[in-house]
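S.K.: Spelled out, the chains give:
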Amino acid sequence: MDIDEVQYLSENELISVVPNFKHPEINLIRGSVGPFLPLVPLQVPIWMAIHLKESHRCRFVCPEWLTFDSVQELLRQEQQQETFTPMPNPYVFILSQTIMNVALEDIPNGDQIRLLMKDLWDLRLAKLRSSIGNLARSGALYAKVTHLTQVEICLIRNFLKTSLKHIAQLQDAVPDE
Amino acid sequence: MLSVVSAHSIAGLTDICYTKDGSHFLTCGQDGDIHVFETKSDQVEHIRCADQCHCLAVHEYHVFVGTNRNELEVRSFPHGDSLPSLVHFTQPVSALCLSNSLLFIGTRDFKCVMMNLNDDSNKMKHFDGHQAPILSLNVYEDKRWLATSCCDGSIRIFNIDKQNLIKQLNLIQKSNDIETAASLVKLDWDKKDQMLAIPVKNTIQFFETEKWTRKKTYENDSIDEAINLIRYSPCGTLFIVAYVNGQLAIINRSTFDIYMNYSSKDAVCSLAWNPIESTRFTCSTMAGEYAHVDVSEYLSKPTSTPSDKLDLGVEEEEEDEEEVVDELESNSNDVEMATDDKEVIPKWFERASSMLTETKPIELQESFQSTSTSKYLESRFLLWNNIGAITCYSEQIQISFHDVSYHHSITIDNKTDKYSVGDLSLSAIALGSSQTGKLCCILYQSWDSNMKEWTMNTENNEKIELVTLGGDFLAVATSQRFIRLMSLSGIQQRIIRLRGPIVSMSSYQNHLWIIHHSTQGLPKEQAMSYVLLDIDNDHYSTGSLPLTPKTKLSWMGFSDSGKCYYLEKSGHLSMLRHNKGNQLEPLLISNLKQEAEKNTTNYWLLGISDFDGKFQVRVIELRGQSFPDLVPWPLVSIISLPLALYQIDTEKSQLESDYLKMKLFTHSTDEDDFCNNERQCLIKMFALSCKSNREYRAFEICQLMDSIALQLAVKYATKSGKITLAQKITDELIEQKKEQEEKQKEIQRSSSPPPPLPLLSSSITISSSFEEVKSTRTKAALPSGPFTNPFRKKAVVNDTTTPTNDEFSQWKPSINKSRLVATTKTTTQSEIHIESTTENEEMNSTNGKRKVDESEDNGKNKRNRLQQFACNQ
Numbered sequence: 001m002d003i004d005e006v007q008y009l010s011e012n013e014l015i016s017v018v019p020n021f022k023h024p025e026i027n028l029i030r031g032s033v034g035p036f037l038p039l040v041p042l043q044v045p046i047w048m049a050i051h052l053k054e055s056h057r058c059r060f061v062c063p064e065w066l067t068f069d070s071v072q073e074l075l076r077q078e079q080q081q082e083t084f085t086p087m088p089n090p091y092v093f094i095l096s097q098t099i100m101n102v103a104l105e106d107i108p109n110g111d112q113i114r115l116l117m118k119d120l121w122d123l124r125l126a127k128l129r130s131s132i133g134n135l136a137r138s139g140a141l142y143a144k145v146t147h148l149t150q151v152e153i154c155l156i157r158n159f160l161k162t163s164l165k166h167i168a169q170l171q172d173a174v175p176d177e
Numbered sequence: 001m002l003s004v005v006s007a008h009s010i011a012g013l014t015d016i017c018y019t020k021d022g023s024h025f026l027t028c029g030q031d032g033d034i035h036v037f038e039t040k041s042d043q044v045e046h047i048r049c050a051d052q053c054h055c056l057a058v059h060e061y062h063v064f065v066g067t068n069r070n071e072l073e074v075r076s077f078p079h080g081d082s083l084p085s086l087v088h089f090t091q092p093v094s095a096l097c098l099s100n101s102l103l104f105i106g107t108r109d110f111k112c113v114m115m116n117l118n119d120d121s122n123k124m125k126h127f128d129g130h131q132a133p134i135l136s137l138n139v140y141e142d143k144r145w146l147a148t149s150c151c152d153g154s155i156r157i158f159n160i161d162k163q164n165l166i167k168q169l170n171l172i173q174k175s176n177d178i179e180t181a182a183s184l185v186k187l188d189w190d191k192k193d194q195m196l197a198i199p200v201k202n203t204i205q206f207f208e209t210e211k212w213t214r215k216k217t218y219e220n221d222s223i224d225e226a227i228n229l230i231r232y233s234p235c236g237t238l239f240i241v242a243y244v245n246g247q248l249a250i251i252n253r254s255t256f257d258i259y260m261n262y263s264s265k266d267a268v269c270s271l272a273w274n275p276i277e278s279t280r281f282t283c284s285t286m287a288g289e290y291a292h293v294d295v296s297e298y299l300s301k302p303t304s305t306p307s308d309k310l311d312l313g314v315e316e317e318e319e320d321e322e323e324v325v326d327e328l329e330s331n332s333n334d335v336e337m338a339t340d341d342k343e344v345i346p347k348w349f350e351r352a353s354s355m356l357t358e359t360k361p362i363e364l365q366e367s368f369q370s371t372s373t374s375k376y377l378e379s380r381f382l383l384w385n386n387i388g389a390i391t392c393y394s395e396q397i398q399i400s401f402h403d404v405s406y407h408h409s410i411t412i413d414n415k416t417d418k419y420s421v422g423d424l425s426l427s428a429i430a431l432g433s434s435q436t437g438k439l440c441c442i443l444y445q446s447w448d449s450n451m452k453e454w455t456m457n458t459e460n461n462e463k464i465e466l467v468t469l470g471g472d473f474l475a476v477a478t479s480q481r482f483i484r485l486m487s488l489s490g491i492q493q494r495i496i497r498l499r500g501p502i503v504s505m506s507s508y509q510n511h512l513w514i515i516h517h518s519t520q521g522l523p524k525e526q527a528m529s530y531v532l533l534d535i536d537n538d539h540y541s542t543g544s545l546p547l548t549p550k551t552k553l554s555w556m557g558f559s560d561s562g563k564c565y566y567l568e569k570s571g572h573l574s575m576l577r578h579n580k581g582n583q584l585e586p587l588l589i590s591n592l593k594q595e596a597e598k599n600t601t602n603y604w605l606l607g608i609s610d611f612d613g614k615f616q617v618r619v620i621e622l623r624g625q626s627f628p629d630l631v632p633w634p635l636v637s638i639i640s641l642p643l644a645l646y647q648i649d650t651e652k653s654q655l656e657s658d659y660l661k662m663k664l665f666t667h668s669t670d671e672d673d674f675c676n677n678e679r680q681c682l683i684k685m686f687a688l689s690c691k692s693n694r695e696y697r698a699f700e701i702c703q704l705m706d707s708i709a710l711q712l713a714v715k716y717a718t719k720s721g722k723i724t725l726a727q728k729i730t731d732e733l734i735e736q737k738k739e740q741e742e743k744q745k746e747i748q749r750s751s752s753p754p755p756p757l758p759l760l761s762s763s764i765t766i767s768s769s770f771e772e773v774k775s776t777r778t779k780a781a782l783p784s785g786p787f788t789n790p791f792r793k794k795a796v797v798n799d800t801t802t803p804t805n806d807e808f809s810q811w812k813p814s815i816n817k818s819r820l821v822a823t824t825k826t827t828t829q830s831e832i833h834i835e836s837t838t839e840n841e842e843m844n845s846t847n848g849k850r851k852v853d854e855s856e857d858n859g860k861n862k863r864n865r866l867q868q869f870a871c872n873q
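Chains A and B, in that order, give the protein sequences. Each residue of the first sequence is one higher than the last, beginning at 1 in UniProt numbering. Each residue of the second sequence is one higher than the last, beginning at 1 in UniProt numbering.
Here chain A stands alone, though its shape is the one from the complex (with noise of 0.2 Å):
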């Protein structure tokens, strides 16, 4: 799984938004969505979201974890702990930037909350890099993770593969003592 299907997948996630059209029903294979009323605040998928908001037809509701409050709330738990923090949601990165591109407008104090997004994500990436550094270091069978975002599996995930087998053929090419 790449980042694309990463990508891809989280844009199933829900999200709401406040439609200025009127549309009834519409039934999709996951679930139907709607009726669609102005000014009523609905759940939709998020692919479905930024549809709407591309073509002018609905406002993005700041969802609860994109606030600047929660966010820095992140941060600080983060920068407290040695380990992972749980994130609100598995996509939380992707998402973020995903609905950033698409309704800047409509996320109160967005460009700070960027900023914080971005020092989140390079802390946990920092963490992500120093266990994986002490694993290879320590010589252990295995590392327990927990925490991680679908994301950050997925970028290391290549790397992980190829060094654990480069370190396993260099072992084995060393005769043993």
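No wet-lab data here; the hints were simulated from the structure. Note that beta-carbon positions come from the ideal geometry of N, C-alpha and C, so glycine has one too. Check the hints yourself; a few may be wrong.
If you only want the chain A side, here are some residues facing chain B, beta carbon under 7 Å, derived [said to hold, decoys possible]:
| # | residue |
| --- | --- |
| 1 | Asn20 |
| 2 | Phe21 |
| 3 | Lys22 |
| 4 | Pro38 |
| 5 | Leu39 |
Since chain A is already given, all that's left is putting chain B on it; use the hints.
M.R.: What follows is chain B alone, placed relative to chain A:
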């Protein structure tokens, strides 16, 4: 240890005072809030005032607050409405002292000023000579003395009338500001012994008032900290001393015995005696907390006061002294004149002082358009209704539609016309300007491409107060108390006169509803009346509007079903209900403010929908604001409100509220649906009262039921072992119902040919009844979907007329204009319904019988369902 209660979120100087009647006490703190506590019930009201409040005083219906805005703010008491500020300085007010109607103000810019609140002359008396910010003030009104303590290290005593300095004592420590001062030096007068008590470091020095020499000193050797304040009890037997380290001592006035030592973490910085219970006082600390202290046990001790006799002697001498002072002062008259000349009386002050005189009638509420935000805002909403919103930016007016497929948004330049009121309907936009007197109507859906817009100007100084758009008319309210009715194309129709200045108006199809001020109200209250016009049918009804005490109107309008509602500032939402005599009965529906406070928000009411036995309001939730902002565009929430019944948290009240809602808000044409819902609700209520062993109540509920529900009730009662109740119901109610229904049948038979339905009832088979149930269910399925929005009707119409096409590309603007017509029909239909209820009931009973047959066959099934029903509760 003092048992303190936290009040203000930011630590710092916290001031406290009582109202004269002792019913409330107020605190103000560095977080900029004033808290009004009701002494008896501990109810708190928060008034947001400024960024910081330094000191406050309360005088009858006004609160005076010294804030960081360098002015003495005036708020109405107890509601906290902002009034024009009394006086401006170059620095914040640091000390206030109120004695009867004399208000003394000490500021950080070295000024000390007196104002007479009962006097219309608006004069300020200055007491000059201070060279640093003023720490505290204390007035001895009988002697006309004012003592001030100042950061320059001096205590000054002034004569109030002559405005001259009597004595200056350099005692206290110098400092450069109040924050850095070692102590607050709150001094007090000993009115029994005629002494001035001054906190100096860790001592209290008592100065006799004759020659102003030190008479005695109080000192507690064990405490080295400075004393913040001294305050005598109203009875004069003891005084309170508060230290900077948080200690508080209650001390006998004459013997200096310490009765009690309290300690707290933070220094007590203000203290006020309860004016009713003179044995209690309340103090506030530097941490924004307050505490009540009772000293009655120390007062009961007999204290020999030889000073009573002394008093007389001292007073006599005092008079002599005053004469001397008088002589002295006569010399300084020139100086006094000079200070008088200094007084500049600004215009706003005249206005403020005119408000202060209580003899004048209450200020009448200005006219407003419902859902418009304050006209003092730079960018504001002129209107928000079901169709769209009109917003006014500084030089532009924008009309945006909620459903953009209906019409694109319109922007109008507002530089020259200065439109200040507006309304929006499905076919037109009306804008009016109170300044330029211009009226503009934009027919944005007009088929006539030449006539999209017309304007009109008012004449003879008539100012436009409000405009409103009905289905096919435009109403303009003017300052001359006229309502000018025009057609949408601008044909002037009639001019209706009002009996008072208009407050607000609203329209719905061909109804126009106006609220205006009527006569002088009860003391300090407004009185309002309403006029309800049915323009097409030529009905005119008036009445007075019931209001809760001392409140204002904050919203009025029609609900989606066309009922009149109004909201007061106190949060009470009321409805005018048409009763059988076609009179309007005012009913309290809900308290919006209380509901909002449950979620710690504030609701900005936009509209009400009351279809199908549901009561929902459309609101904007506000957090810490009084008006919604334009950016970001506010989110509308739809909230279902319970009726304002007592104990609404209990299940009993909730069911009662549901039942009442059903009775009040059902206009549905589907009689079956309504009956089912009603039965369901009644059975729930019945089951609940059975479970809680309230048989009498259960019986009363049975009296509201029809025969089908009664059968169920009897079954439930027998099942749950209430044999007597079941017996009573069958004996009294079922017989009675049957008789009634038979009578009705007879009446019907005599008047009209028998309906074909009853014949079926006896010979119906189970299979056919099932089919019937099925068919009724499918019928019911359409309208039973959750109702969320007034646009629903349109959606339903769309469903039926156009084949549903779910593809996005098929979106087309399709608002059904016939909706209006359709809904008018429903109102007339409902009247017909009232007339035809008897017929319907009879039909129901026959239906009922059929269902009973079925129910007996499926007896077990039903019983099970009923039991489940009971369990679910």
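S.K.: Each hint needs a verdict: does it hold in this structure or not?
M.R.: Hints, verified against the model:
no.: 1; hint: Asn20; verdict: 5 Å, holds
no.: 2; hint: Phe21; verdict: 5 Å, holds
no.: 3; hint: Lys22; verdict: 6 Å, holds
no.: 4; hint: Pro38; verdict: 4 Å, holds
no.: 5; hint: Leu39; verdict: 5 Å, holds
In summary, the structure agrees with every hint in the numbered list given earlier.
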